[in-house]
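In order, the protein sequence lines correspond to chains A and B. First residue of the first sequence: 26, per our numbering; consecutive thereafter. First residue of the second sequence: 12, per our numbering; consecutive thereafter.
There's no promise every hint is true.
Here are the simulated distance ranges between beta carbons [stated by the list, open to error]: (1) A:Arg53 / B:Ser39: 30 to 36 Å; (2) B:Ser95 / A:Leu137: 34 to 40 Å; (3) A:Ala40 / B:Lys125: 22 to 28 Å; (4) B:Thr88 / A:Gly65: 39 to 45 Å; (5) A:Val107 / B:Ser20: 47 to 53 Å; (6) B:Ser20 / A:Thr79: 34 to 40 Å; (7) A:Pro33 / B:Leu67: 38 to 44 Å; (8) B:Ser95 / A:Gly28: 29 to 35 Å; (9) B:Pro126 / A:Ala104: 44 to 50 Å; (10) A:Ala40 / B:Ser23: 21 to 27 Å; (11) B:Ser20 / A:Thr30: 40 to 46 Å; (12) A:Ala40 / B:Leu29: 43 to 49 Å.
Since the hints were made in silico from the structure, they are not lab data. Small disclaimer: the values here were computed from a predicted structure and weren't measured. Cβ coordinates follow ideal geometry from the N, Cα and C atoms, glycine included.
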Amino acid sequence: IAGITQAPTSQILAAGRRMTLRCTQDMRHNAMYWYRQDLGLGLRLIHYSNTAGTTGKGEVPDGYSVSRANTDDFPLTLASAVPSQTSVYFCASSPGGVNEQFFGPGTRLTVL
Amino acid sequence: AQSVTQLGSHVSVSEGALVLLRCNYSSSVPPYLFWYVQYPNQGLQLLLKYTTGATLVKGINGFEAEFKKSETSFHLTKPSAHMSDAAEYFCAVRLSTGNNNDMRFGAGTRLTVKP
Numbered sequence: 026i027a028g029i030t031q032a033p034t035s036q037i038l039a040a041g042r043r044m045t046l047r048c049t050q051d052m053r054h055n056a057m058y059w060y061r062q063d064l065g066l067g068l069r070l071i072h073y074s075n076t077a078g079t080t081g082k083g084e085v086p087d088g089y090s091v092s093r094a095n096t097d098d099f100p101l102t103l104a105s106a107v108p109s110q111t112s113v114y115f116c117a118s119s120p121g122g123v124n125e126q127f128f129g130p131g132t133r134l135t136v137l
Numbered sequence: 012a013q014s015v016t017q018l019g020s021h022v023s024v025s026e027g028a029l030v031l032l033r034c035n036y037s038s039s040v041p042p043y044l045f046w047y048v049q050y051p052n053q054g055l056q057l058l059l060k061y062t063t064g065a066t067l068v069k070g071i072n073g074f075e076a077e078f079k080k081s082e083t084s085f086h087l088t089k090p091s092a093h094m095s096d097a098a099e100y101f102c103a104v105r106l107s108t109g110n111n112n113d114m115r116f117g118a119g120t121r122l123t124v125k126p
């Protein structure tokens, strides 16, 4: 059982380029999330999806978009990357209710 | 909206000493509270959670936390630190009446364990 996988593990990207971070879970969780982690700020929610076919904006959604075509996959796209998007990105999923969120291993993204 | 404050971005203890990581929250309704641990270059793993019932909750690796409503606190403790406890710890809060997506994390506390 893999849980949540993220790809790539790390990436260096030129400013202005388009980039999609991939996230796949095999736990059949309804809800999925994208966070960015920055030193001193903890984790901040970018976008979420409560169920396949629906998405919503989190605390810091600008410059990012997501889609949820099926239960397992929740890709995050940076349409035109900027240096302030340099961060570590975590995908998470949850069955909902009182349950916790389960996290992937993260993607370290550097935008130059 | 709910929020979380972790007092102390960095805590250092000696091996065998008590570990105390502080977390205070603000919430307009009864909260769900979580502690996560993050080891270097890894994702977050759940240590323990409080939803309802007993206010002292026990987690993995000998950690426990007590929900104190009067103090709006959910401090994490471990009686005796081990070298393997060195990691970053995050407190998180979610409203019990809100959406599952509305979880707020503290800024994190890095725990160092000295031999």
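Checked hints:
Under the hint 30 to 36 Å, the C-beta atoms of arginine 53 of chain A and serine 39 of chain B, about 32 Å apart, fit the expected range. Here the CB-CB span from serine 95 of chain B to leucine 137 of chain A is close to 36 Å, well matched to the stated 34 to 40 Å. Checked against the hint of 22 to 28 Å, the pair alanine 40 of chain A and lysine 125 of chain B fails, with Cβ atoms roughly 42 Å apart. Checked against the hint of 39 to 45 Å, the pair threonine 88 of chain B and glycine 65 of chain A fails, with Cβ atoms roughly 24 Å apart.
Look at valine 107 of chain A against serine 20 of chain B: about 27 Å separates their beta carbons, and that is not inside 47 to 53 Å. Distance hint check for serine 20 of chain B and threonine 79 of chain A: the Cβ-Cβ separation is about 36 Å, which falls inside the suggested range of 34 to 40 Å. Checked against the hint of 38 to 44 Å, the C-beta distance between proline 33 of chain A and leucine 67 of chain B comes to roughly 42 Å, which is consistent with it. Judged by the Cβ atoms, the range 29 to 35 Å given for serine 95 of chain B and glycine 28 of chain A is violated: they are separated by roughly 21 Å.
Between proline 126 of chain B and alanine 104 of chain A the CB atoms are about 49 Å apart, so this pair conforms to the stated range of 44 to 50 Å. Separation of alanine 40 of chain A from serine 23 of chain B is about 38 Å and departs from the stated range, judged on CB atoms against 21 to 27 Å. Checked against the hint of 40 to 46 Å, the C-beta distance between serine 20 of chain B and threonine 30 of chain A comes to roughly 30 Å, which is inconsistent with it. As the Cβ distance of alanine 40 of chain A to leucine 29 of chain B is approximately 47 Å, the hint placing it in 43 to 49 Å holds.
Of the numbered hints listed earlier, those contradicted by the structure are 3, 4, 5, 8, 10 and 11.
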